[in-house]
Amino acid sequence: MILKLALTGMRKKRRDYLILFTGLIISVAVFYMFLTMSLNKDFIARNSVINHIQPVFLVGTVLLSVTTFFYLFYTNSFLLSLRKKEFGLYGLIGVKKQQIGRVFRLETLVITIGALVIGLALGVLLSRVVSWLLMSGLDVGFAEFKVIYVPAVMWTAVYFLIASFITSSVHSARLAKTPIIELLRSDVQSERVVKKPTLTALQTMLGVLFLGIGYLSLYFMEQLRFIGLFTAPVTTTAGTYLLFAALLPVIVRKWKRNKKANLRGINAFTSGQLNFRLSSLKWVLATIAMLIALSAGAIAGGFAFKNDAFLSIDRSWQYDAALYNPGSAEIALLATIPLQEQNSFHVKQDDTYLYYVREELNAAPPLVTDWETYRVVRPEPLPENMKIEDDYQIIPDNWVAALETINPALAGTKSFRIVPLEQYERITGEEVSILLARTADFSAYLQKWQALEELQNDVYSTMMPGFDPKTDAVTSKYSQFKSQYALASGTFFMGFFLGLAFLTMMASILMFKILSGAANDIRRYDSLRKLGVRRKLLENSISREILIVFLFPGVLGLMHVLVGMRLFSFILQEPYYRLWVSILIFLAIYGGYYFFTVHLYRKIVLSHQ
Amino acid sequence: MKPILHAKNISKTYGKKGTAAYTAVRDLSFSMNEGEFIGIMGPSGSGKTTLLNMVATLDPVTEGDITIDGVSVSAMTEDQLSDFRAERLGFIFQDFNLLESMTVFENIALPLSLRNAEVEEIQDRVLQVSGIIGIGELLENYPAELSGGQKQRAAIARALIHEPALLLADEPTGALDSRNAETLLDTLAELNAVRNVSILMVTHDPRSASYCSRVLFIKDGKLDRELVPSGTREAFHQEILTVLGDLDRRSGAGGRA
Chain A
35 MILKLALTGM RKKRRDYLIL FTGLIISVAV FYMFLTMSLN KDFIARNSVI NHIQPVFLVG
95 TVLLSVTTFF YLFYTNSFLL SLRKKEFGLY GLIGVKKQQI GRVFRLETLV ITIGALVIGL
155 ALGVLLSRVV SWLLMSGLDV GFAEFKVIYV PAVMWTAVYF LIASFITSSV HSARLAKTPI
215 IELLRSDVQS ERVVKKPTLT ALQTMLGVLF LGIGYLSLYF MEQLRFIGLF TAPVTTTAGT
275 YLLFAALLPV IVRKWKRNKK ANLRGINAFT SGQLNFRLSS LKWVLATIAM LIALSAGAIA
335 GGFAFKNDAF LSIDRSWQYD AALYNPGSAE IALLATIPLQ EQNSFHVKQD DTYLYYVREE
395 LNAAPPLVTD WETYRVVRPE PLPENMKIED DYQIIPDNWV AALETINPAL AGTKSFRIVP
455 LEQYERITGE EVSILLARTA DFSAYLQKWQ ALEELQNDVY STMMPGFDPK TDAVTSKYSQ
515 FKSQYALASG TFFMGFFLGL AFLTMMASIL MFKILSGAAN DIRRYDSLRK LGVRRKLLEN
575 SISREILIVF LFPGVLGLMH VLVGMRLFSF ILQEPYYRLW VSILIFLAIY GGYYFFTVHL
635 YRKIVLSHQ
Chain E
75 MKPILHAKNI SKTYGKKGTA AYTAVRDLSF SMNEGEFIGI MGPSGSGKTT LLNMVATLDP
135 VTEGDITIDG VSVSAMTEDQ LSDFRAERLG FIFQDFNLLE SMTVFENIAL PLSLRNAEVE
195 EIQDRVLQVS GIIGIGELLE NYPAELSGGQ KQRAAIARAL IHEPALLLAD EPTGALDSRN
255 AETLLDTLAE LNAVRNVSIL MVTHDPRSAS YCSRVLFIKD GKLDRELVPS GTREAFHQEI
315 LTVLGDLDRR SGAGGRA
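Residue numbers (this note's numbering), protein chains in the order written: chain A, 35 to 643; chain E, 75 to 331.
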């Protein structure tokens, strides 16, 4: 009987349940997407710079689980807030609290199972789409990435069932403790108590201080190194929480003190609502600010890693191709690429040495990076006499680098001798010609470098007996780039994935946290309507109020990202590369949630007008 | 005497016509002059709250026409009605309807804020009205910190601050104990007598109704009869009780057709 009643009750709130259900489905899909990756050890091991720090994924899984748990908790409390009055009525007609609790738990379970089935299907689909997008976008295959991964399915199901059991048990226990009369009157209660600020000044000072230390440590990360790695996250987090606790109520109170603005239209109402909302949400908002920083940081970090593959390859390789004994096919292909510079060099090799021509080298010294000044230079002309000590010819350091630049494939295999032309001509031994080519933008002609590499494989086979292009690789700019890029792409893929998962979850939490308070606001908006406030004015008030609630953690979170990307200056050359892309992604998702929240909130509080 | 409210042959039917429709008010007409303090009484379900809601422009009439302060409200749009309520009407509800997130000052100031009055004017008016109502010391408090009686006083101050043409009260003493109820009614009567505030009050409490200058009795959605005091308030109270008893008897005897 009570089950039947509950079903009718659910049907009446169909739309609200649909919101909840959609949210759950999304969270299941995201959770699954993350697990397919973090549980898939083969994939991580092959595709990530950070494969040797598996704990990162453990931490990621734990973080996502905690976030998802809070998410489930808030959605569940939203669900309860919708039904309080109805459950109170059941109590009134003599249904026992345990029975009501059981019905509530059963409802939650059924919803969870439904969301799991649809969510997992969606998760598989999303994994497929995202991995396809990334693979085609990056031009790198993730063969090990499976979209249907049984352990991930299993763990997602287990996690959501347990989490929903716990949250619904907590809420039904809460329900059991609430007197029937309070349930019945739940829509007329004012649950709000104004607290006078305590120790605000001290908290604000400490907050600013901590945040300052955190930002400074991030900024001087390269100097501080490990001290910075410890102080930056700790003080930034502490500062964020303190600031949200102390500063938010103060700011709103400041607004309220501006009588001229406050006593205009329903501004007093908007700021009053905000005052209460911000005090009750401050911990959630601070947490969201931190997680926004983490997720936007993960996306931005991924981008920076990918970009770094290009930057670091350009730093260590001044010439885009070194072609050995180029034939007509290579020459023809090279002719289609706009070159900045090309030079030919000749090398003879016998069993022990590689011989270079001094005159040829002095005529066209190649660009190298000077390891003392880190500047790209051309080495000074070679001296007449180069001493030989312990069978090793003494030449300036930059010329050692130059020889490696000219002859990347063979330089490491034998000792070198730079000899005058006349002596060179007398040396018997196989001669190889090498063509160095340099363009303005290596990344613009990747396909051509690849084609050249394939053409060169034949040369390698004749030049180096036993060379098999299927298993062996010759050091070249393109081959090194390819392996670095695959690694960076894997990292990018994960950063992107993780960031997206967090962002979606965070914004959903904020949304449901706000919506779960909406039921209590229905009466307030109804009072305003009766007093003659236009609907448009009420709608605007809602937009503004929720905008500010979204704005605070968003702004602080972005600030954290802007400063926090310095953290990567450790390992990346340009940590701020394309930061705007991740900021844009963040804004799109966060903005979307904002408008969705406003829409739903309006539906709840203004619907019956 | 200037007429402040005129309801002409108004009806209110809920539900689609024909299919299980329920008529709460049928073909009811009455007028109210400026400075009157009218009470509306009647048994539960008689349609008195529906009538008040229609006068308050919260619920449109199905048939007929309502004119308040010379303006017909029947053909207005939703926004026009909102503005009309904000400018010409004052409301007192049984459960106060104060906004908990605002201070008493802000609550009282709301109607003036809505018409974007100057800050100085708002402050002057709030101080003046709250002084008259006797809650001058509570302005910086939040409603949650007030007693029931104080809340209703704040609500009256809010209803009066913009000097509405008509003050509408729906069971204003419903949530108050007898002492607070008496103080409140004294205040309303004084506002009516001294400041010539026109008040239309729905109540089921004969004691409250005895403060009025005229009482309309509604039964089955129709105006049954009206009563004006001829002697003391106590005598009027007795008369009201007699009429109510009579109404009850007639329903008990199967008067409902």
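Please keep in mind that the hints were generated in silico from the structure rather than gathered at the bench. Check the hints yourself; a few may be wrong.
For the chain E half of the interface with chain A, some residues (derived, Cβ under 7 Å), not all of them [stated by the list, open to error]:
(1) Thr-141
(2) Gly-144
(3) Phe-165
(4) Gln-168
(5) Leu-173
(6) Glu-194
(7) Ile-196
For glycine and all other residues, C-beta sits at the position ideal for the given N, C-alpha and C.
Structure-based check of each hint:
no., hint, verdict
1, Thr-141, "18 Å, violated"
2, Gly-144, "18 Å, violated"
3, Phe-165, "6 Å, holds"
4, Gln-168, "11 Å, violated"
5, Leu-173, "6 Å, holds"
6, Glu-194, "10 Å, violated"
7, Ile-196, "5 Å, holds"
Comparing the model with each earlier hint shows violations of hints 1, 2, 4 and 6; every other hint is respected.
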